[in-house]
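S.K.: As a plain string of letters, each chain reads:
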Amino acid sequence: MTDYDVVIGLEVHVQIKTDSKMFCSCPNRYGEEPNTLTCPVCTGQPGALPVPNKKAIEKTVIAGMMCGCDIPNFSKFDRKSYFYPDMAKNYQISQYDFPFCLGGKIHVDGKGFSGKEIKSKDIGITRIHLEEDASKSTHFARSSGIDYNKGGVPLMEIVSEPDMSTADEAYAYLSLVKQIMQYGEIGNCDMEKGQMRCDVNISLKPKGRTELGTKIELKNMNGFRAIHRAINYEIGRQADILDEGGSLVQETRGWNDDKGRSYLMRVKESEQDYRYFPEPDLMPVLFTDEELNNFRSDLPVLPEEIRQRFVNDYGITDFDAQVLTAEKDIAMYFDKAASNTKTPKLLANWIISELLREISKSELSINEIKISPKDLANLVELINNNTISGKIAKTVFADMFATGKAPEVIVKEKGLVQVTDESVIENFVKEAIENNPSQVQQYKEGKTAVLQFFVGQVMKLSRGKANPQAVIKYLKAMLDN
Amino acid sequence: MENNSKKDDIAIDVASVAKLARLKIDNSEIKQLQEDMTKIVNYIDQFSELDLDDVEPTIHAAQFNNVWREDKSVKGNFTEEILKNAPALVDDELIKVPQMMSGDTE
Amino acid sequence: MIDIKKLTLVQSSKLLCNGDITSIELCKLYLDRVNEVEDRIKAFVYFNEEKILDQAKKSDERRNTGKTLSDYDGIPIAVKDLIAVKGDPCTCGSKILSGVDSIYDATVVEKLRNKGFVLFGRNNMDEFAMGSTCENSSYYPTKNPWNLNCVPGGSSGGSAAAVAASEIGASLGSDTGGSVRQPAAFCGVVGLKPTYGRISRYGLVAYASSLDQIGPLTKDVADSALLLDIISGKDEKDSTSLNSDNPNFLDTLINSGRDLKGLKVGMPKEYYIKDVLDKNVQKSINYTVSVLENAGAEIVDVALPHIKYAIASYYVIATAEASANLARFDGVRYGHRSKDSDNLLDMYLNTRGEGFGDEVKRRILLGTFVLSSGYYDAYYLKAQKVRTLIKNDFDKAFEQCDVILSPTSPCPPFELGAVTDPVQMYLADIYTISVNLAGICAISVPVDITESMNLPLGVQFIGPAFGEDKILKTAKVLEDNRKIKSFIPQI
Chain D
0 MTDYDVVIGL
10 EVHVQIKTDS
20 KMFCSCPNRY
30 GEEPNTLTCP
40 VCTGQPGALP
50 VPNKKAIEKT
60 VIAGMMCGCD
70 IPNFSKFDRK
80 SYFYPDMAKN
90 YQISQYDFPF
100 CLGGKIHVDG
110 KGFSGKEIKS
120 KDIGITRIHL
130 EEDASKSTHF
140 ARSSGIDYNK
150 GGVPLMEIVS
160 EPDMSTADEA
170 YAYLSLVKQI
180 MQYGEIGNCD
190 MEKGQMRCDV
200 NISLKPKGRT
210 ELGTKIELKN
220 MNGFRAIHRA
230 INYEIGRQAD
240 ILDEGGSLVQ
250 ETRGWNDDKG
260 RSYLMRVKES
270 EQDYRYFPEP
280 DLMPVLFTDE
290 ELNNFRSDLP
300 VLPEEIRQRF
310 VNDYGITDFD
320 AQVLTAEKDI
330 AMYFDKAASN
340 TKTPKLLANW
350 IISELLREIS
360 KSELSINEIK
370 ISPKDLANLV
380 ELINNNTISG
390 KIAKTVFADM
400 FATGKAPEVI
410 VKEKGLVQVT
420 DESVIENFVK
430 EAIENNPSQV
440 QQYKEGKTAV
450 LQFFVGQVMK
460 LSRGKANPQA
470 VIKYLKAMLD
480 N
Chain W
0 MENNSKKDDI
10 AIDVASVAKL
20 ARLKIDNSEI
30 KQLQEDMTKI
40 VNYIDQFSEL
50 DLDDVEPTIH
60 AAQFNNVWRE
70 DKSVKGNFTE
80 EILKNAPALV
90 DDELIKVPQM
100 MSGDTE
Chain A
0 MIDIKKLTLV
10 QSSKLLCNGD
20 ITSIELCKLY
30 LDRVNEVEDR
40 IKAFVYFNEE
50 KILDQAKKSD
60 ERRNTGKTLS
70 DYDGIPIAVK
80 DLIAVKGDPC
90 TCGSKILSGV
100 DSIYDATVVE
110 KLRNKGFVLF
120 GRNNMDEFAM
130 GSTCENSSYY
140 PTKNPWNLNC
150 VPGGSSGGSA
160 AAVAASEIGA
170 SLGSDTGGSV
180 RQPAAFCGVV
190 GLKPTYGRIS
200 RYGLVAYASS
210 LDQIGPLTKD
220 VADSALLLDI
230 ISGKDEKDST
240 SLNSDNPNFL
250 DTLINSGRDL
260 KGLKVGMPKE
270 YYIKDVLDKN
280 VQKSINYTVS
290 VLENAGAEIV
300 DVALPHIKYA
310 IASYYVIATA
320 EASANLARFD
330 GVRYGHRSKD
340 SDNLLDMYLN
350 TRGEGFGDEV
360 KRRILLGTFV
370 LSSGYYDAYY
380 LKAQKVRTLI
390 KNDFDKAFEQ
400 CDVILSPTSP
410 CPPFELGAVT
420 DPVQMYLADI
430 YTISVNLAGI
440 CAISVPVDIT
450 ESMNLPLGVQ
460 FIGPAFGEDK
470 ILKTAKVLED
480 NRKIKSFIPQ
490 I
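Protein chains in written order, with numbering that gives the first Met the number 0: chain D, 0 to 480; chain W, 0 to 105; chain A, 0 to 490.
Heads up, a few of these hints could be off.
As the list claims (entries may be wrong) - Among chain D residues calculated to face chain W with C-beta under 8 Å, some are: (1) T17; (2) Y29; (3) P33; (4) T37; (5) C38; (6) T42; (7) D146; (8) L211; (9) T213; (10) P277; (11) P279; (12) M282; (13) P283; (14) V284; (15) T287.
For the record, the hints were derived by calculation from the structure and aren't laboratory data. Glycine is no exception: its CB is placed at the ideal position from the N, C-alpha and C atoms.
Generate the whole structure from the sequences, applying the supplied hints.
M.R.: So, in structure tokens, the structure goes:
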């Protein structure tokens, strides 16, 4: 197989978390009865006019600044014309030549989704602009049905430079975009709810050649994982064709995740003529330098800054910091909990290995679980002060997750306090040794692994409450005599 | 206005413009429309007499900026009438159109 | 005995407030008149007697219990068929919107309702406001009450004719390139186009968003000021509407002097090319000049050097904006949907092909063309630049004068069917169109009647942005001093 340079650019659409839609006061909400969040403006009734949502504009500026973009003083809206039932006016109010944000970058590095290391590099952002979302269409046998609830929701479009070359880089870029949107309180980016969408532009060229290959557009991936799969599949598919001496045509392809293949949606004969022109119903936006500086000085904290603080203040590893800050809510949870414990590193482990697993299984979000940050911290403290063992802590944790009760309460109710009284442990050890002479014999013959058996016996006798370190200490002392 | 087309007429492809505008033009109408459009476009071509390089375009009759509204939602009461005006519905709640190709905007 | 042919809104208000007439009686007077002449004039496309009398009844009840909403509570008024009135059909003179009821009130309608006006019905118009004769209505052509063989002008032809024939005391039209002023001139009534942004466009079906304004058609200048007071004002639902001080045009008009001493009236030489102007129109201008000078005004020469490009600029900008504004009429959510289209593309093509008339199609095609790939710079961008030049021309001219005098139309009302060449039709907009491009205000006021045909002639006063006071005053002085006191057609 020839070596190819893979050139990937991403177009990401992010729904902005506002109370009302972009150009009318209809509520911006998901999951309501069809066509109940509608008005003359967002359904394109004769004579209706748009009025922009100030907060959506502000959030776009903030998003741009968090991505290192330049915010020009002047920007405006334009009409983008195309006929489609999900666009009520048959034009979309968008931005063409004077978007809110220009330039910018997102830095990727670390371990990729596939497990391989990602080359440390900046992925450029060409522009970020603000527009209105299309409505939702449902397809039936010979007709389609439109629900205008989604129509008019504020939508940010983030266009990247074609700076990515692997699926891992794309995945990392998308994760970081999502983080920034969450940290900036701009959007929740839940792909299942349509709050974030991504189109991939991908082309291959023989290694070293400067001229770009044929660009193919990939759509319809419903999650980061699917995007990762789709990119890898497409790279392979295009490489195969080129290897055979074939050529590629500009196309738009969809992704079928079940079958793990891309399929042709349409061939791009020519560029769509959107007939952009300045929106006459909307006045332009002019920010003074002072206003832009005010935005900058009040910017929400960036994920990297939080990661750095976690590493510095709590002494956790870079990797753990990455995992804990992957989502803002998790980072906030950890932050709250960590300030209540003497061992944030241990707490971090509990979140990463136990809590996140349970959350994922239960399909709840971290804001919906019953364990409060303080309670989790207290659980860790109970281990630290030897009230319970690490093993017992796991059962307490399971109970906390299910009931929301405080760890001290559960420990008390179930009588799980660790036995640390040395004389009590000594007695259990004596009993275990007396009851199992043949194992004692094995131990004396050199089978030191039998120690585990005795530990198990003592645990049984103490109903799991004996402090394991003390048990081992006494066992060894007695057995070695 | 002359009835004969001038030699340097601007070529306007009425059929493809009509498709862009989603207007069905019968074959019987095309010839007349082509003539009308050519006449009109020839007339508006007089701009080429002017030197406009240093002139800013006027998009809005009145120049002011930053007109927007606070982000407050108001639930309207338009659903019933919007659906009532619709030519066809699916399940009395979705507006029905002939099959759309998924992702097709052409 | 109330002479409905001379009844103004100001007078109706006095009669109602004095208890000399009830709203029901007033509305019945107009309904009788409609019954008498509407068959011949065809100025209306919709009215509902029951709705009218119901509103009138409620108004009378308010008046009887001391709860009037204003001094105008109970006065009937009509609107052009492209202003949204909740529950009434809004068809814009087009088949594509047949059967469509508005689901909300336009802001101007809300304002009228808040004052107690009775919404009387909807006036005929050229389809989607595209036309100058009302011949482009998909319903029927409206006739000029002065001569039933002649056009009433357009696109607010129905509004002008209804007021001229006294079927209603006033009507709200819309003006994009002269569509209030030109029919006003053709029908012998007063028509005002306010400064762009003065009146909210929310609920006005858009033709050209950056040029459209709602404007009143009335029997006299005072009524025009009255309506301007009521319907103007910043609207949070219209981003292009302007902040301006609380309007009190009527008060200012009544209290301003009866003469024009100190007023400079500009006459652009580009408008008055010798021997090109129709003789009747020239005569009416000369007459106007004499009246104004007698009242103390000074006539000055001004220049509008780029005015000859106005029509081309207008038709590029207006049709470009219209091509997008009319895209929503596609049979999906409301209105006509072509039957038996089994795929989406055909549904669009057939619906719009069947629903739009020829002139609308022409303008949509032109607008689509000038915005299409490769042509934007050559046409649309240039037209917007020319617009700047024209705006600057007016700014400069208003440094030399207070108001500009011009004919409203280059000719008197002509016969139905007389003009078929679209470009020739466009050229007739020469005096009115540049006002919309510049976003300034203008009023057409009747001044004379042609000797031969007994047709009305109007002249136009153009004022700078926010200069409605000046043009209203000038128009009123002309109105008070012209030899014809009232313009009343024989019908």
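S.K.: Work down the list of hints and note, for each, if the structure agrees.
M.R.: Hint check results:
1. T17: Holds: closest Cβ of chain W sits about 5 Å from T17 (chain D), inside 8 Å.
2. Y29: Cβ of Y29 (chain D) sits 13 Å from chain W, so the hint is violated.
3. P33: holds (5 Å)
4. T37: At about 6 Å, which falls below the 8 Å cut-off, the nearest Cβ of chain W leaves the hint on T37 (chain D) intact, so it holds.
5. C38: Since chain W brings a Cβ to about 4 Å from C38 (chain D), closer than 8 Å, the hint holds.
6. T42: At 6 Å from the nearest chain W Cβ, T42 (chain D) passes the 8 Å test, so the hint holds.
7. D146: With a minimum Cβ separation of about 6 Å from chain W (threshold 8 Å), the hint on D146 (chain D) holds.
8. L211: violated (24 Å)
9. T213: violated (19 Å)
10. P277: Hint holds; P277 (chain D) Cβ to chain W Cβ min 5 Å, cut 8 Å.
11. P279: Cβ of P279 (chain D) sits 7 Å from chain W, so the hint holds.
12. M282: At about 4 Å, which falls below the 8 Å cut-off, the nearest Cβ of chain W leaves the hint on M282 (chain D) intact, so it holds.
13. P283: holds (5 Å)
14. V284: Holds: closest Cβ of chain W sits about 6 Å from V284 (chain D), inside 8 Å.
15. T287: This interface hint is violated because 10 Å lies over the 8 Å limit.
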